[in-house]
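Enquirer: Full structure from sequences and hints, please.
2 protein chains.
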Amino acid sequence: MTDMEKQFVVGVDVGGQTSKIGVVDARGDVLVQSVIRTDGHEDPAEFVHDLAVAIRELVIKSGKEGQIRGVGVGAPNGNYYTGEIAFAPNLVWAANRNVPFAQLLSAALDGVPVSLTNDANAAAVGEMTYGVAKGMKHFIMITLGTGVGSGIVINGEVVYGNDGFAGELGHTCAVRHNGRLCGCGKTGCLEAYCSAMGVARTAREWLEQSDEPSLLRSIDNITSKDVYEAAKEGDELAIRIFNFTGRILGEKLADFIEFSAPEAIVLFGGLARAKEFIYQPTYEAMNANVLPLWRGKVELLFSQLKESDAAILGASALAWEL
Amino acid sequence: MTDMEKQFVVGVDVGGQTSKIGVVDARGDVLVQSVIRTDGHEDPAEFVHDLAVAIRELVIKSGKEGQIRGVGVGAPNGNYYTGEIAFAPNLVWAANRNVPFAQLLSAALDGVPVSLTNDANAAAVGEMTYGVAKGMKHFIMITLGTGVGSGIVINGEVVYGNDGFAGELGHTCAVRHNGRLCGCGKTGCLEAYCSAMGVARTAREWLEQSDEPSLLRSIDNITSKDVYEAAKEGDELAIRIFNFTGRILGEKLADFIEFSAPEAIVLFGGLARAKEFIYQPTYEAMNANVLPLWRGKVELLFSQLKESDAAILGASALAWEL
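Each protein sequence line maps, in turn, to chains A and B. Using my numbering, the first residue of the first sequence is number 1, and each one after it goes up by one. Using my numbering, the first residue of the second sequence is number 1, and each one after it goes up by one.
Each hint should be verified, as a subset may be incorrect.
[Stated by the list, open to error] Straight-line distance between alpha carbons at most 30 Å, and here's what the computed DSS-like set of lysine-lysine pairs gives:
#: 1; chain 1: A; residue 1: K134; chain 2: B; residue 2: K137
#: 2; chain 1: B; residue 1: K137; chain 2: A; residue 2: K137
#: 3; chain 1: B; residue 1: K137; chain 2: B; residue 2: K306
#: 4; chain 1: A; residue 1: K137; chain 2: B; residue 2: K134
#: 5; chain 1: B; residue 1: K275; chain 2: B; residue 2: K297
No lab work stands behind these hints, which were simulated from the structure alone. The structure displayed is predicted, hence computed values, not measured ones.
Expert: Right, here's the structure in full:
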């Protein structure tokens with residue numbers, strides 16, 4: 001069998017706590033999947049060893065031995081050009097060093113090709129291969145998770161830039177003066193407002209600033225999910241939090257449209273599940289702030305991929321290009 | 001002679017008042033050039049006729065008849081995909097309509113191929129072909145003229161986006177609240193602060209707001225050139241105007257770097273001539289506002305192309321791709 005005849009790929013989504021593995025076919029069906037701990041190791045070689053063992057076991061379980069074209073990996077701070085995971089604060093074994101991850105994993109799998117990128121770029125490739133961006137040449141993926149990530153597609157290709165790190169739209173400036181401190185050390189970043197943590201922070205700040213009644217007052221350690229649940233109950237403060245979040249997001253989306261003139265912006269991740277509250281304010285602010293020539297012309301879409309499969313699919317899609 | 005053996009191109013820079021024409025060789029030398037009026041016609045067909053006559057005359061003068069590979073045109077609101085100039089407020093004959101310019105000009109030149117783009121994209125192609133960005137695959141051109149334009153190059157290609165209009169960085173938002181009204185109808189655009197008109201406006205506003213002595217007080221209808229001349233004389237207000245302008249520009253450049261991770265940003269146009277005053281504040285603000293991973297890593301360059309030739313060269317460079 002030649003490499004091009006191999007009709008299955010493996011997708012690996014490396015997260016801070018766990019890593020998800022799946023064997024995927026060309027239609028985007030995840031045949032089998034499994035999970036291993038990411039955080040049990042200090043040494044990257046140990047994690048790579050465990051991951052290789054788990055991949056081999058899963059491939060055997062799928063019955064597709066010898067038919068795997070390659071492995072695609074999505075990981076925080078993953079660099080497509082170098083195959084390295086560099087100084088990723090959320091990965092114990094890569095927090096303070098540069099790990100040649102693709103090379104290590106390929107060696108541990110007896111030379112099976114491995115392609116790696118960051119998680120948001122993987123999500124963009126997944127959306128383009130299997131999702132709402134199928135057939136699009138120009139779109140921007142925004143992942144609204146714990147942080148805000150992005151994957152930019154121009155002419156059908158993910159933009160990696162000169163060094164492989166392009167597409168850090170979560171750290172463009174949303175609030176110029178007296179903005180919130182972001183995890184990256186800067187202030188006012190989009191991520192500090194429009195991530196799950198940003199939404200929770202808005203809730204805490206607003207609850208402190210007034211005595212307005214709200215379902216959120218009874219909750220300790222408010223999360224963005226709590227805000228969503230309260231909004232569904234009709235809580236006015238919670239609904240205003242989504243309006244505020246959507247406005248800030250939409251204002252920045254207008255800037256992004258003026259950069260690359262995409263067909264669509266695709267939202268993905270935990271906050272995107274609150275579509276009924278976030279769509280309208282985001283879409284309105286995007287159109288109010290963009291040049292007239294794009295007003296009403298750029299679609300604002302929400303990922304339709306099954307949440308449990310999406311991360312694996314995104315990573316696996318990389319492997320088709322190998 | 002086959003088309004590929006034709007070793008000369010024509011560059012046309014269409015401006016509001018005049019259009020410059022040049023015959024250019026592969027090294028980027030402008031052999032001969034001429035100028036015609038742009039604003040003498042209401043009918044686009046009449047202007048195209050005059051332009052075609054002027055191009056023929058210039059080619060005869062250059063002695064390169066039959067050796068012209070094609071014509072490249074840079075024009076406000078020029079669309080690379082469609083070859084149209086669409087609703088360009090500064091062009092009398094295209095202010096209220098969509099002119100199929102490339103098609104009309106090619107027909108008037110008996111089928112010589114014509115390629116068209118907007119002036120900032122043409123400048124980026126010129127810089128990549130003949131200028132400081134030669135050999136670069138990833139850079140962003142910012143033209144600081146009457147307005148602020150941009151041409152974005154990723155993987156060695158100008159980004160045109162889904163509709164041909166990508167790269168309107170002059171209209172991304174620099175000042176979110178209570179920003180200046182921009183010519184485009186939005187408020188707070190980069191162009192409203194960092195164009196020649198923006199600098200003049202800053203001068204007028206600041207002179208009104210204080211009684212601080214300044215050489216600028218004696219001048220009617222202050223231009224950005226006046227501010228530059230005053231700064232060269234050591235005028236403190238004028239120097240602070242450049243610091244302010246550079247800071248706003250640098251803040252937005254940080255956003256742009258986070259989008260496409262370029263090797264360099266190239267500044268071009270009238271304001272870029274004030275390099276000794278604009279470089280330092282721009283570079284400092286860019287690095288203070290960008291993610292640590294890019295700090296000190298992205299070059300801030302100034303175009304070295306001869307001012308009189310640059311617009312023609314930029315447009316002509318398009319024709320090599322024909």
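Enquirer: State for each hint whether it applies.
Expert: Going down the list of hints, with the structure as the test:
no., hint, verdict
1, A:K134 - B:K137, "holds (27 Å)"
2, B:K137 - A:K137, "holds (20 Å)"
3, B:K137 - B:K306, "holds (23 Å)"
4, A:K137 - B:K134, "holds (27 Å)"
5, B:K275 - B:K297, "holds (20 Å)"
In this structure, none of the earlier numbered hints is contradicted; all agree with it.
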